[in-house]
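First to last, the sequence lines map onto chains F and E.
Here our numbering is used: position 85 in the first sequence is 85, and no number is missing along the way.
Here our numbering is used: position 284 in the second sequence is 1284, and no number is missing along the way.
Computed, partial: chain F to chain E, Cβ under 10 Å:
id, residue
1, Ser151
2, Gly157
3, Cys159
4, Gly161
5, Thr162
6, Gly166
7, Glu169
8, Val170
9, Asp171
10, Trp178
11, Tyr182
12, Glu186
13, His203
Derived pair list, reagent style DSBU-like, types lysine-lysine, alpha-carbon separation capped at 35 Å:
id, chain 1, residue 1, chain 2, residue 2
14, E, Lys1225, E, Lys1176
15, F, Lys193, E, Lys1204
16, E, Lys1262, F, Lys167
17, E, Lys1215, F, Lys164
18, E, Lys1117, F, Lys193
19, F, Lys201, E, Lys1150
20, E, Lys1022, F, Lys167
21, F, Lys205, E, Lys1132
22, F, Lys201, E, Lys1117
23, E, Lys1198, F, Lys167
Calculated directly from the structure, the hints in this document are not laboratory data.
Keep in mind that this is a model prediction, so the values were computed, not measured.
Note that CB positions come from ideal geometry on N, CA and C, so glycine has one too.
Letter by letter, the chains look like this.
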Amino acid sequence: MLLSQQKSLEEILRSLEGETKIFILGCGGCAESSGTGGKAQVLEMKGKLEGAGKKITGHTVIDFLCQKALVQSRLRGKVKEVKEADSLLVLTCGVGVQAVAAVSDKITHPACNTVPLGGMRGEWKGTERCQECGECVLDSTGGICPLTACSKYLLNGACGGTTKEGKCEVDPEMECGWKLIYERLEKLGRLDKLRQVYEPKDHSKMIPPKGLRLSDRWALEQGK
Amino acid sequence: MGFQESLAAGKFVITSEIGPPKGTHIQEMLADAELLRGRVDAINVTDLQSSVMRLGSLAVCHLLREKGLEPIFQVTCRDRNRLALQADLLSASILGIKNVLALTGDYASLGDHPQAKPVFDLDSVSLLKVIKTLEGGTDMVGNALQGAPKFYPGAVVNPGGNPVEAQIIKMEKKIKAGATFFQTQAVYDAGAFETFMKKVAPFKVPVLAGIILLKSAGMARFMNKNVAGVFVPEPLIQKMAKAEDRVKTSIEIGAELIRSLKGMCQGVHIMPIGWESKVPTLLDAAKL
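Construct the complete structure from the given sequences, taking the supplied hints into account.
Okay, structure coming up:
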């Protein structure tokens, strides 16, 4: 289970700047139980975005958006609506956003932050990983997480350690995350995102929220 | 004339570097620094180079200054979080250290303490921005400082980076964040470097080309295989392989390279890695 929390509408609209036609994706798994990306929230988001002058080309809720193969097959039924959209808005955890970005050729915006649970992880088979950093940055990196794809969790581009083969010098088996981000953004025609200077992470957001630590559910999961 | 003034005056600038030792015996390192006196404009002091635990850069920069040599304080983001980095910058300032080279740093597992927790709380770009913020009289979160430091911040760029366009975008970001000069990864291919310099010419920021003397053909092949962004052309490797006097040939290659780079950039940064004693001979051969 990954717990997500919607970003403010203001932040979402900022990330959609310059784009008018949006396709919305939700998830019937963790996002639905988080109350951030189920059917109800997708429809609510549709209303909010329309209110802000956006055109919603379509929307869908897929059970387990973290599974790329599933996402790919479900989106086949929505080809026209997806194609028409300038970008995709995903109301899930960071894994869902990355899975959608990996199977589509559109810029993919996160509508949520993934809340730290203090180490508890679900299980998923894909390559996408979410650090639960509490302030999702996938919007600026073409839907590839720099916190998990880069050994040094860099936010402002590759270090000097990308090998000639495009691997990470820390682990020759591992692709350089920033090379992947560069290639993805280049393909999407959005290298402008790479030119911005990003602020350091707010690490206080990576501590599980107090309210969550005090909940009954948290206590149960801790075996108390 | 100091390092900053020399660059401002358009002089072809020379920097070199010394690496602090592992331990407290500093005589050899200081002797290496003495070899550079009067021959270079500033001396980089590396910050736990290759992620190997050793004597710190800040104290050595202070010693150099006491001896009338101008240091460039290398600061990486590998070992310190934003509190410690800001504190060390303030410490450098009160010791009169102005030149700071902001680096992300090698990964911790590449050194002799692979068990260490890699920090990377900031990166090279955000570190440069922090330098500017401190100079403006506040810390990163906007709290007022009692007395603001003044630095001459620089950064690095890898002209052989893969892809180079991503390196150039990052270089531009570093300039935006406050970098006023650049030192590069080792260059061996003057033609490729010229292409790179043409691409970054619009930035109008001084670039010091990195020079590492080839000690042998084996070293060149090793770097080609293992060092990100370094490419030694085959003819140079052959020259080293056939050399009767390797040191002599190495210096000839280095001097020739410096002469051909001279018209393309604003200076050179010589990284001796053990061959400190060869630096003056190299500079003589390059007529610098």
